[in-house]
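From first to last, the protein sequence lines stand for chains A and B.
Under this note's numbering, think of the first position of the first sequence as 1, with each following residue one higher.
Under this note's numbering, think of the first position of the second sequence as 1, with each following residue one higher.
The set of hints was computed from the structure by calculation and includes no laboratory data.
All values derive from a computational prediction rather than experimental measurement.
Positions of the beta carbon are idealized from the N, C-alpha and C atoms, including for glycine.
Warning: the hint list may mix true and false statements.
Said to hold, decoys possible - Just the calculated beta-carbon pair ranges, DEER-fashion:
1. A:Ala-186 with B:Ala-56: 36 to 44 Å
2. A:Ser-135 with B:Asn-7: 17 to 25 Å
3. B:Cys-33 with A:Leu-8: 24 to 32 Å
4. A:Arg-179 with B:Ala-28: 39 to 47 Å
5. B:Ser-6 with A:Gln-153: 16 to 24 Å
6. B:Met-25 with A:Arg-85: 21 to 29 Å
What the hints assert, rightly or not - Simulated coverage check for chain A against chain B, where a stretch passes if three residues somewhere in it have a Cβ under 8 Å from a Cβ of chain B:
7. 26-34
8. 51-65
9. 136-142
10. 145-154
11. 173-179
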Amino acid sequence: MGEPRTPLEPPTPEQAAFLERAMTQYGKATYNFAYRLTGNEADARDLTQDAFVRVYRAWRSFSPGTSFLSWIYRIVTNLYRDELRRRKGRFQEEIPEDNAPQEFGGQRPLAVTPIDDFVDRQLSEPLSKALAQLSGDQRQVVVLADIEEYSYQEIAEIMGCSIGTVRSRLHRARALLRRLVERAQAQQER
Amino acid sequence: MNDHLSNDLLVDFVHRELSPADDAMAHAHLAGCVACREAYELEATLTEALRSAAKADEREFPSLVSAAVWDRIRHAEPGPFAKLAAWLRPAYALPVAAAVLIGGFFVSPLAHPAAHPTIAASYYLEAHAAQSAITPLSERSSSPALETSMIAPGSPRGQDDGAAAGAVDVVR
Ligand SMILES: [Zn+2]
């Protein structure tokens, strides 16, 4: 990714332990967060790698007693935004281009369906495709609010924007996702 | 109450982001309005589906990544792991190649404890425990593995607080 390959100072023992522990404890969460943002494993690996190099560089600026996960999500968010800007577009998704919710074959109308296997089998794939259609900012908000379950306030801190911006981005993103689900529902009822 | 609840309000309701008064109003309305209840169900299902899809697609942390991070720290130039990672990019991590690579890592000198920059774990954990006693753990994740907040050992609080003020510069 865009992270410069400038020489890094040799680690002090504390710094090395900090990084090792950070990767052991938070590597998986960070990688999955990056994967949900980029939509592909190669970019998620690069993003995660760059994020941990930044953790290494800036380890002393981490405030003990605060959430490490929020800190590294903020780093990933910034790297992701920089990279999006650099590419002037979007990441290459691993999922197919076609966003038509063809796969819906269930029998029950969505609004009165209990959240069950329908969600797992019928909605997951089209939703992944829909996520790919969101803008970078909208996608970050949806991932942080709906998947990572952060509050608007926490998301604002991670993304470095106002709560109002978080709210409006989430509203727009959800409206887009909703339209897709409603389209799928209409197909079902046909 | 004649006006139906807007979708945006329902999104905030699902995320528990309404003020107590608005939350109570939404609750009361949903109890008596079938149309809004259906709209609410749709929002709740959407959130559940996103969560469920993410869970089903959860990935392990690739050991290649941590190897590449250490590699970059040891060398100014991208080392063998970073190069291999770059080389693997178009192939999207062929499982066989990854297996060979990981196997190679474990027999390489990099895997030896002496070559790995380490600190006595006991020291680190003691420092962590000491800090934890005065600093409430604040990791918000529900996962037990993530409950512990990271503590920077060996750095006085004042110093960290000072550094934190400049954190944005370093992080951005
Ligand atoms: Zn209503």
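So, going through the hints one by one against the coordinates:
no.: 1; hint: A:Ala-186 with B:Ala-56: 36 to 44 Å; result: 25 Å, violated
no.: 2; hint: A:Ser-135 with B:Asn-7: 17 to 25 Å; result: 19 Å, holds
no.: 3; hint: B:Cys-33 with A:Leu-8: 24 to 32 Å; result: 59 Å, violated
no.: 4; hint: A:Arg-179 with B:Ala-28: 39 to 47 Å; result: 28 Å, violated
no.: 5; hint: B:Ser-6 with A:Gln-153: 16 to 24 Å; result: 22 Å, holds
no.: 6; hint: B:Met-25 with A:Arg-85: 21 to 29 Å; result: 41 Å, violated
no.: 7; hint: 26-34; result: holds (count 7)
no.: 8; hint: 51-65; result: holds (count 13)
no.: 9; hint: 136-142; result: violated (count 1)
no.: 10; hint: 145-154; result: holds (count 8)
no.: 11; hint: 173-179; result: holds (count 4)
Checked against the numbered hints given earlier, the structure breaks hints 1, 3, 4, 6, 9 and satisfies all the rest.
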